[in-house]
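Chemist: Residues per chain, in single letters:
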Amino acid sequence: MVDILVVADAQGAPPSRNTLEVLGAARRLADDTQGAVKVAVPGGVVEGLASALFAGGADQVLWVEHPLLARPAPDALVAALTQLVPQLGAQVVLMADDSRNRDVAPRVAYRLQAGLVTEATSLSAEAGAVVFRRQVYGGRCLAEIAATRFPVVGTVKPRSVAPVAERVGHPGQEIRASVTLDASMVRIAVLQTVAEEVRGVKLENARVVVSGGRGLKGPEPFRQLQDLAQVLKGAVGATRAATDAGWVPVSWQVGQTGKTVSPDLYIAVGISGAIQHLAGMSGSKTIVAINTDPDAPIFKVAHLGVVGDFKAVLPPFAAALKGMLQA
Amino acid sequence: MNIVVCIKQIIDPEIPAEQFQLDPGSKRQVRGGLALVISAYDQNAVEVALQLREKTGGKITALNLGEPEAKGAVKSAMGMGVDAGVLVSDPVLMGSDAFGVAHVLAKAIQKIGPADRILTGCVSGGTGDKMVGPLLAEELGLPYLSFVSRFEAKDGKVIGRRLVEDGYEVVEAPLPLVASIISDDANVPRYSKLKDIMAAARKTVPVWKAVELGLSMAGVGPRGRRLDVRDVALVQRDSRCELVTGETPAEQAERLATRLRELKVI
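Protein chains in written order, with our numbering: chain W, 53 to 379; chain X, 30 to 295.
Keep in mind that a hint or two might mislead.
Stated by the list, open to error - Part of the chain X face toward chain W, derived, beta carbon under 7 Å:
#	residue
1	Pro120
2	Val121
3	Ile141
4	Asp145
5	Leu169
6	Pro172
7	Leu192
8	Gly196
9	Val200
10	Leu204
11	Arg252
12	Val258
13	Glu271
14	Glu276
None of these hints come from the bench; they were simulated from the model. Here the structure is a predicted model, which means the values were calculated and not measured. Glycine included, each C-beta is placed from N, C-alpha and C at the ideal position.
Build out the structure end to end from the sequences listed, making use of the hints.
Modeler: This is the structure:
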C-alpha cells in the first residue's frame, strides 16, 4: 500500500493541467497498490477546487492554511511540507516539475532524509518498490530508478503523464491542516513578477508549435514564425541559441532548460537539433524541420523535412495552409 | 565578496548519436576518445561570477568534483579569468548521488574559506537532475535561488532575476546564498584571452582527497546512494525523415502543406 501526497500548485480553481497530470500519476500508482491519494493545497481553502481534485483522482484534499503560504514562497512551502509529510505518513510525495518545485522538492527531500527523483516521465509500483523513469543524457537514454525506502520525493515532468479520466461527482474528504511557520523562514522576497508578452496560445498548451533557432540569424524573422503560428492557431518557441542571443524572451525557450512541449505538430525552423533542444520537443507527434543544412541532426528526429531557406519556404507554406484551413 | 563557482566536467553532450555509447556494466556513457567540456550552464555561472567581480571585487574559486582529468575544466575556468581552482578527486567519492555530491562540495567550500555567493549551473549534462544546487544550499544552511540569469548587489543583499514559467521574477535575497545560473543574453560566456590561458597553465590546482574534507562517509560513494538506478537504456528514435522536394521553395511549401493534410496532421 502506497500513500501519496500530491502538492498542488498555486493556480487555484480549476486546477492546472500540471496538477492534474501529477494527480493522474498518483492515482494510478495508488490504484496499483490499494493506496490513497491526498492533495495538499498550500494557502488554504479555494472555492470550487476540491470537487475538481476529487474528479482528478484525489481521495482527500488538505487545505494547508497559513498566511505565509498565501503567496508563492518556496521557503515557506519547504518548511510546511517538512512538517506535513511525517504527520500524514505519506510514502511518496509528488509535485510538478515547475519553477517553484525545482526549489522546493530537493530541499524537502534533504530535510526528510528522503530519496529524490526529478523530472519523472512515468512511475509504477513493482514488488515493494516505486519505480520512476526519467530521461538522462539530454534525452538520449531513459533511466529506471527504484525507491525501496520511504518517503521518496518526486517531481513529474509536465506533458509526460496523462490526467485520469474525469471522475464526475466522485466523493472525497476535505481536511484543514495547520503548520507552524515563522516569517524568519522566508529568506527570499519576490519584489516583482514580470510576465513576458505572449500572443495567442501558451507554448505549453499549444497543439501546434513553430520554433526558431540560430538559423534565423536575428529577431526579425520570428515575425514570419508568428504569422505561421497564427494561421495554425499555435504558439512560437525558440532554441537556447535564440534566447541566449536575446532575439526573443527566455520564456519562449523549448528544451532541457526551457519548456517541454509535446504538441500534435512541431515545426522546427532554422534549428540544427542540439540535444538540449531535442530534450524539450522530441515527444511531439509530428515534427517538421526546415533547414538549409541536409546534415543537421534535426532531420534525425523529424518526420517531414524541407532542405531549404525558411525565408523562401514559410510565406508560401503559410499561404497554402491558410487556403486549406479555410476550404 | 568571495565567490565559489561549482563546475562539472562532462563528455561533450552534443556529439552525434552514433558516437554515443553506454557501458553495459556501469550503465554510464563510455568516454572513449570523446572531448571533455565544462557543462554548458556552469560556463554561464563562471561568466556571472566574473561580472560580479568586476563590480564588487573579491576572489573567485572554481570547484570541480570529478575524475583527475577534470583539472582541465578547472584550468579552463581559470583561463576565463577565475582566480583560483580546486579539484576534489578521489575514487571513494565516485558514484555518489546528488546528496553525496552536495555534501562533498559543501565541505570543500568550507575548506576554501568564506564565500558569500556560491554559484552552480542550473542543470548539468549527464543526469540533468537539477538537484545539486538546492541540496548544497541545505548542506550549507543558506538561502537558495534557482534559474537566476542576472544579479546585482544592493545594500548587502542581492537582487536577482529568476526565470519562471511566463517570464521572470525580480527577487531579493540576503547574502551569503547559493544560486543556480541559467543562460540569457547578459551572461554569454566570454572567450578566454591567450594571456589568461597561459597564466592559468602556470598556476597549480590543488587536488583534495576525501580524508582532507572531514566528510560523513555514510552518504557518499555508491553505498551512500538513496535510490537504486536499476537500468539506463538508449531511447530508440524513429529516424525516418521524409524529405519534401520541389523545383522551387514555393513548390516545396505546397507539397509540405499537402503532406500534412494527407497525414491528417492539419
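Chemist: Each of the hints needs a verdict: does it hold here or not?
Modeler: How the hints compare with the structure:
{"no.": "1", "hint": "Pro120", "verdict": "23 Å, violated"}
{"no.": "2", "hint": "Val121", "verdict": "22 Å, violated"}
{"no.": "3", "hint": "Ile141", "verdict": "22 Å, violated"}
{"no.": "4", "hint": "Asp145", "verdict": "14 Å, violated"}
{"no.": "5", "hint": "Leu169", "verdict": "11 Å, violated"}
{"no.": "6", "hint": "Pro172", "verdict": "4 Å, holds"}
{"no.": "7", "hint": "Leu192", "verdict": "6 Å, holds"}
{"no.": "8", "hint": "Gly196", "verdict": "4 Å, holds"}
{"no.": "9", "hint": "Val200", "verdict": "5 Å, holds"}
{"no.": "10", "hint": "Leu204", "verdict": "11 Å, violated"}
{"no.": "11", "hint": "Arg252", "verdict": "14 Å, violated"}
{"no.": "12", "hint": "Val258", "verdict": "5 Å, holds"}
{"no.": "13", "hint": "Glu271", "verdict": "5 Å, holds"}
{"no.": "14", "hint": "Glu276", "verdict": "11 Å, violated"}
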